[in-house]
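S.K.: Please put together the full structure from these sequences, using the hints given.
Sequence lines, in order, name chains A, B, C and D.
Reminder that position 154 of the first sequence reads as 154 in UniProt numbering, one-by-one numbering, no gaps.
Reminder that position 110 of the second sequence reads as 110 in UniProt numbering, one-by-one numbering, no gaps.
Reminder that position 167 of the third sequence reads as 167 in UniProt numbering, one-by-one numbering, no gaps.
Reminder that position 291 of the fourth sequence reads as 291 in UniProt numbering, one-by-one numbering, no gaps.
It should be emphasised that the hints constitute simulated quantities derived from the structure, not laboratory data.
A few of these clues could be false.
Identical copies look the same in the list; a pair holds intra-copy or inter-copy alike.
Unchecked claim - With a cut-off of at most 30 Å between alpha-carbon atoms, the simulated DSBU-like pairs for lysine-lysine come out as follows:
| hint | residue 1 | residue 2 |
| --- | --- | --- |
| 1 | 282 | 310 |
| 2 | 40 | 282 |
| 3 | 88 | 282 |
| 4 | 282 | 323 |
| 5 | 88 | 40 |
| 6 | 94 | 193 |
| 7 | 193 | 282 |
| 8 | 40 | 204 |
| 9 | 203 | 282 |
| 10 | 204 | 282 |
Computed from a predicted model, the values in this text were never measured in an experiment.
Number of protein chains: 4
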Amino acid sequence: MNGNGFGRLFQFSTYGESHGDAMGVVVSGCPAGVELDEEKIQRELDRRKPGQSMITTSRGEPDEVSIHSGLQDGYTTGTPIGMTIENKDARSGKYEPFVTAPRPSHGDFTYSAKFGTRNWGGGGRSSARETVNWVAAGAVAQQVLEQSDYDVEIKAHVNKIGDVEAPEVTFEEMLEHTEENDVRCAHPETAEKMRELTDEYQKKGDSIGGSIYFEARGVPRGLGAPRFESFPSRLGRAMFSIPATTSVEYGLGTEASEWTGHDRNEDWEFGEDGDPVPVGNKHGGLQGGITTGQPIYGEATWHAPTSIPKEQTTVDWETGEEKNVQVVGRHDPVLPPRAVPVVEAMLWVTVLDFMLLAGRINPDRLDGDVGEYDTDYHPSSPHNE
Amino acid sequence: MNGNGFGRLFQFSTYGESHGDAMGVVVSGCPAGVELDEEKIQRELDRRKPGQSMITTSRGEPDEVSIHSGLQDGYTTGTPIGMTIENKDARSGKYEPFVTAPRPSHGDFTYSAKFGTRNWGGGGRSSARETVNWVAAGAVAQQVLEQSDYDVEIKAHVNKIGDVEAPEVTFEEMLEHTEENDVRCAHPETAEKMRELTDEYQKKGDSIGGSIYFEARGVPRGLGAPRFESFPSRLGRAMFSIPATTSVEYGLGTEASEWTGHDRNEDWEFGEDGDPVPVGNKHGGLQGGITTGQPIYGEATWHAPTSIPKEQTTVDWETGEEKNVQVVGRHDPVLPPRAVPVVEAMLWVTVLDFMLLAGRINPDRLDGDVGEYDTDYHPSSPHNE
Amino acid sequence: MNGNGFGRLFQFSTYGESHGDAMGVVVSGCPAGVELDEEKIQRELDRRKPGQSMITTSRGEPDEVSIHSGLQDGYTTGTPIGMTIENKDARSGKYEPFVTAPRPSHGDFTYSAKFGTRNWGGGGRSSARETVNWVAAGAVAQQVLEQSDYDVEIKAHVNKIGDVEAPEVTFEEMLEHTEENDVRCAHPETAEKMRELTDEYQKKGDSIGGSIYFEARGVPRGLGAPRFESFPSRLGRAMFSIPATTSVEYGLGTEASEWTGHDRNEDWEFGEDGDPVPVGNKHGGLQGGITTGQPIYGEATWHAPTSIPKEQTTVDWETGEEKNVQVVGRHDPVLPPRAVPVVEAMLWVTVLDFMLLAGRINPDRLDGDVGEYDTDYHPSSPHNE
Amino acid sequence: MNGNGFGRLFQFSTYGESHGDAMGVVVSGCPAGVELDEEKIQRELDRRKPGQSMITTSRGEPDEVSIHSGLQDGYTTGTPIGMTIENKDARSGKYEPFVTAPRPSHGDFTYSAKFGTRNWGGGGRSSARETVNWVAAGAVAQQVLEQSDYDVEIKAHVNKIGDVEAPEVTFEEMLEHTEENDVRCAHPETAEKMRELTDEYQKKGDSIGGSIYFEARGVPRGLGAPRFESFPSRLGRAMFSIPATTSVEYGLGTEASEWTGHDRNEDWEFGEDGDPVPVGNKHGGLQGGITTGQPIYGEATWHAPTSIPKEQTTVDWETGEEKNVQVVGRHDPVLPPRAVPVVEAMLWVTVLDFMLLAGRINPDRLDGDVGEYDTDYHPSSPHNE
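M.R.: Structural data, given as structure tokens:
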């Protein structure tokens with residue numbers, strides 16, 4: 001209702017502003033019995049964290065996660081997992097000129113118009129910094145799925161920055177190459193060109209847009225409810241929640257307008273297991289809003305970061321004067337490279353949520369039937385020692 | 001949760017399958033005191049109904065709405081508005097070949113894989129026929145907004161079919177021309193070309209994709225919650241709920257990837273009323289997920305209808321055999337022309353819901369303060385006479 | 001949000017006023033593959049319907065249910081079940097005196113104060129007539145549970161009217177005797193006294209309060225989430241939603257204040273199957289808000305019907321005058337006898353909802369795994385024939 | 001859905017177990033512009049905290065709240081308020097005997113049966129310690145209401161322990177006397193007897209049940225939606241969420257069964273402001289599920305604490321043996337005295353939530369209209385300094 005939570009059975013609620021003292025997330029509805037590896041969560045946070053390369057903000061945040069609840073001897077207990085990530089390197093001073101003079105195309109004005117006030121340091125709640133919480137939640141969802149009977153794989157990479165576009169790559173190439181370069185493009189040569197282009201804009205005090213291709217494999221067929229809780233509906237909501245997203249597509253996306261029914265339609269044949277399978281996957285893994293078992297794939301676009309050192313004009317609603325501004329903080333020149341782990345996190349969360357809702361994974365506990373306590377259970381130590 | 005409802009304060013829940021005896025929708029959370037014009041609802045249903053032109057299915061549905069509750073003397077009472085639309089011209093016989101042999105790229109297989117069974121006549125619940133309910137709900141939302149203190153206007157038109165694309169049109173042109181032609185394109189010359197193209201595919205026994213441009217004017221600034229209930233999040237969910245949608249964009253959409261921050265950013269100036277306004281609207285009326293007060297606009301794409309007379313191949317899971325099929329029912333050769341009123345309905349609902357949530361429109365009653373009964377109130381007659 | 005729906009996975013949304021043309025309910029989230037017996041639904045409606053005895057209103061409603069969707073060949077399809085019950089015997093004339101002069105202790109004034117207006121015939125939306133929808137939804141839930149692998153039984157009876165209180169009865173006595181008498185008390189001698197007492201008040205133009213004892217057997221252990229979605233939380237909400245409920249208790253209820261921990265606590269022993277079971281059931285089947293597997297039982301109280309022929313005083317907010325009123329419609333002299341099927345319905349719905357949420361019953365389909373279409377499936381006829 | 005959150009517009013989500021390292025709560029949907037006094041929150045936590053008297057557990061928790069987000073210069077910003085309360089004095093050792101041998105009538109077994117495992121130190125998530133989060137959320141709601149245009153007052157006191165029952169007291173007496181004594185009974189002489197009774201049971205190694213009377217004044221009329229979101233429905237859910245609650249009543253409660261309609265009904269008269277008011281308040285401030293503007297009052301019962309030093313019997317599911325146990329931790333001998341602030345907190349939250357939903361208090365900001373930024377706004381310092 002208030003926009004600070006996502007998910008139905010697997011839910012998370014977040015708090016925190018860019019320059020507050022801590023970011024936090026409560027993961028509610030994680031099944032019990034999952035061995036939760038804190039380092040794996042940390043590894044995902046590290047992929048998103050600032051300062052990891054020259055094309056990310058130089059803000060020095062270690063982004064260390066602390067887990068406060070929901071575990072017994074390293075296993076989830078089915079009760080909420082509270083996590084905190086402290087903010088260590090907030091420098092709000094540079095934002096003082098913008099308190100009553102909104103930065104161009106940022107959320108400054110709309111937040112003030114909605115709430116009458118805002119936490120203005122670093123963009124406050126509107127900052128993409130807040131997605132650190134989402135990545136933590138996604139890393140929990142990922143571990144649940146990895147320990148389930150299903151073999152779901154999710155990967156995203158940057159397929160376009162400015163006018164530099166990557167050729168189609170395989171899922172395996174995505175797994176292999178995405179993390180090799182700073183722009184997170186799975187096509188190494190393109191990655192280099194993207195990097196050069198980004199550097200160029202950064203040097204000019206400007207920024208540039210881009211897009212991400214994502215794919216989920218191994219998602220079983222039959223997930224997604226008709227209509228308003230269809231898989232695409234949830235996916236659309238998830239992706240558009242990421243700050244600065246301006247488009248979401250799946251399957252043929254915008255190109256579908258140019259395809260005829262006959263060319264796009266896919267015949268059915270019997271697969272290896274004797275079940276019907278579609279010949280091809282132009283449908284992007286989704287028919288009638290429900291998964292077919294084929295890979296789910298799509299794209300999303302992010303506009304260029306609005307925080308740029310180039311001179312721009314704004315107005316100060318307190319003084320009533322126009323003024324020139326330069327947003328000289330520590331900012332990313334392009335969003336998709338750091339959005340890759342966020343996109344993946346939202347996919348993990350979305351897929352798991354649908355799996356739980358379909359009873360594919362027991363919502364109460366990963367293993368065993370509800371009602372069966374564990375007779376072998378003998379933890380070595382209480383949680384708090 | 002189950003996908004059959006949409007909205008938070010202004011909600012609607014639907015039932016009905018393509019070939020069931022009736023479609024139905026319950027609108028819950030409509031403020032009291034709205035003069036509800038049944039004819040206006042009917043007019044919207046007529047825009048969506050089958051058989052309205054040569055490029056829509058010839059199924060003969062009058063789509064007459066009956067209202068069962070929620071009114072007193074023609075005014076809403078704040079209690080749920082139950083509406084029914086009877087199905088009069090369902091002919092399920094033609095669907096018998098597909099009971100155990102899924103139509104290519106339709107929802108037949110996924111519904112059966114999810115539920116083990118399905119209502120197979122006319123595509124059952126997966127049919128776009130079900131959006132008749134949404135249009136009824138949208139027509140209620142529209143009347144609430146029209147009778148409110150706000151001057152919200154919403155309009156959509158078909159801006160692309162196949163490779164025929166309309167040039168940019170003004171909102172006024174949309175209002176004037178959209179309903180003049182069967183394809184619902186606001187640019188008359190393009191409309192003619194679209195119509196020709198559609199006819200051509202229809203003659204070949206094929207179908208074609210297309211897209212819709214939509215715009216909402218007069219939506220006040222400050223609507224939309226941060227993060228997961230941002231305006232784009234709700235918009236994305238709403239649009240992707242419409243069957244066969246493959247992309248949703250707002251503002252610059254996919255093109256945003258090629259714009260630099262400096263070129264896309266918009267300076268602030270003081271508007272006529274002395275308040276800051278952005279210079280331009282490349283942001284599509286949304287900054288930080290919240291409305292700026294500028295027009296909200298975007299696009300969505302629909303793939304070609306999957307029901308085509310051209311021969312295709314499928315498999316029958318009962319007999320274990322391949323077979324050739326022709327989907328020879330009564331089908332639209334292109335979706336966007338009839339999707340225009342559905343898109344508009346989802347926008348009316350979404351905007352109203354945000355207005356109620358922000359307390360912009362009193363959630364309990366359109367006029368007056370909660371707690372004040374109407375001392376002049378003297379209805380001439382009870383509801384049921 | 002708006003109070004017109006209940007449930008999470010198994011949900012229902014309702015519409016309709018006492019004197020509107022129809023009542024309606026949409027059941028969303030019913031698993032597919034349930035053989036739905038319309039007569040069983042009707043039988044439950046008949047238990048609740050007016051005019052069934054001398055101590056119920058003489059309003060002549062057949063309360064015939066029509067099902068519009070959600071079925072294929074008599075089996076549920078997992079898509080929403082739309083049901084309508086027409087109102088046939090509404091006579092609003094007698095309510096005209098109360099349009100601007102609220103009946104004592106009724107919802108007339110509060111509805112008008114909230115919404116500024118109201119549907120005033122027969123109490124409109126505030127009328128207990130609306131619970132006909134709940135009973136229809138409950139009858140669906142009951143059939144799902146009856147066809148599941150679980151052996152859940154639910155029964156309620158009237159255990160108190162005025163100062164006449166029934167002794168404790170067994171579940172078997174409830175099953176056997178409750179429906180034998182008009183007051184629905186499972187203790188025949190007490191039933192007679194209750195009946196006499198009720199007649200006496202009815203003759204005086206007055207009414208009387210009462211309470212219901214309810215019990216659910218066979219609910220497996222482990223249901224109910226911690227805290228705000230505990231089983232008692234859901235139960236409390238369900239029961240207090242029934243009009244005129246003034247108390248809800250489970251287990252020892254209000255008496256628990258006088259029990260010591262040692263006397264109330266129940267030791268654990270090993271049951272027949274080797275699992276721990278509590279010795280006794282003073283806990284009412286619920287510990288830590290979660291089911292223990294023991295019968296869940298409790299009580300709820302209904303105040304006396306507010307509509308009485310005895311003279312009372314009210315004020316007319318239009319004329320500004322006091323006036324004497326007699327509510328001379330067709331009214332029940334006591335609520336619990338007709339509330340019994342409503343209480344049972346809310347229990348069926350609540351238990352099923354928890355079963356689905358725990359993955360105990362597959363939320364998508366009663367039989368088989370999601371993803372497995374039915375290879376033997378060959379319906380004889382389409383839904384609409 | 002998962003039971004870890006409460007509220008619709010004013011929501012809170014919690015995490016934390018009795019012996020985890022911290023408890024935490026995220027308050028989402030608090031309007032902007034509220035001056036949030038941390039000390040007032042602390043004061044409420046102090047009323048609930050352990051070790052405050054001889055009849056509460058001697059666990060030494062300072063229960064100091066830290067606020068991590070949602071503020072700018074001491075005022076709320078409309079974004080989520082994240083709060084943490086560290087656990088300082090958890091001693092899990094004493095719980096080791098119960099890891100596989102459930103304590104009688106506790107949540108040990110049901111949690112294990114639901115989740116297969118549990119956080120067993122101090123009762124983990126099932127511990128009433130978790131209500132510290134609720135009190136923090138309630139203290140925020142209280143401050144919103146206190147700074148609004150409404151004059152809502154909420155108070156509760158212990159009206160019964162064992163067989164010692166307080167006579168009726170006025171709201172003023174509740175305000176004056178409740179906090180004067182350890183048992184939190186507003187009737188001093190009764191308080192003394194309650195204290196003696198409690199001491200007696202504590203000395204015997206036993207515990208005792210009790211009940212709380214609560215009242216809310218100044219709640220405006222017209223709040224509460226029909227049916228499933230009626231005021232009593234929300235109240236019932238709120239109260240039954242508090243651990244160990246076995247009954248909830250409002251107005252005449254269980255006694256309503258013995259009242260006739262004529263005796264319970266209340267005539268209408270014109271009040272001082274010329275509006276209809278009921279003569280009397282046997283209806284407990286609620287008619288048709290909606291507030292009348294009269295005080296809302298009711299009672300709830302808590303069973304005796306289940307943790308008692310007296311010897312009891314349990315079974316160990318690992319060893320398969322019966323064993324005698326004594327729960328010798330630090331426990332309250334009676335629950336209501338410390339439940340008083342929890343009851344009040346749930347009332348503050350519930351009332352505020354209804355006020356926001358009715359648009360009575362602007363959901364986005366306490367002062368001013370949405371869309372109006374604050375031209376005078378000039379904070380002295382960023383949030384994080």
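S.K.: Hint by hint, say whether it matches the structure.
M.R.: Now the hints, each set against the structure:
no.	hint	in the structure
1	282 to 310	between (42 Å within a copy, 18 Å between copies)
2	40 to 282	neither (34 Å within a copy, 39 Å between copies)
3	88 to 282	neither (46 Å within a copy, 35 Å between copies)
4	282 to 323	between (51 Å within a copy, 21 Å between copies)
5	88 to 40	both (21 Å within a copy, 28 Å between copies)
6	94 to 193	neither (32 Å within a copy, 55 Å between copies)
7	193 to 282	both (29 Å within a copy, 27 Å between copies)
8	40 to 204	neither (37 Å within a copy, 51 Å between copies)
9	203 to 282	between (40 Å within a copy, 24 Å between copies)
10	204 to 282	between (40 Å within a copy, 22 Å between copies)
Taken one by one, the earlier hints fail for this structure at numbers 2, 3, 6 and 8, listed in ascending order.
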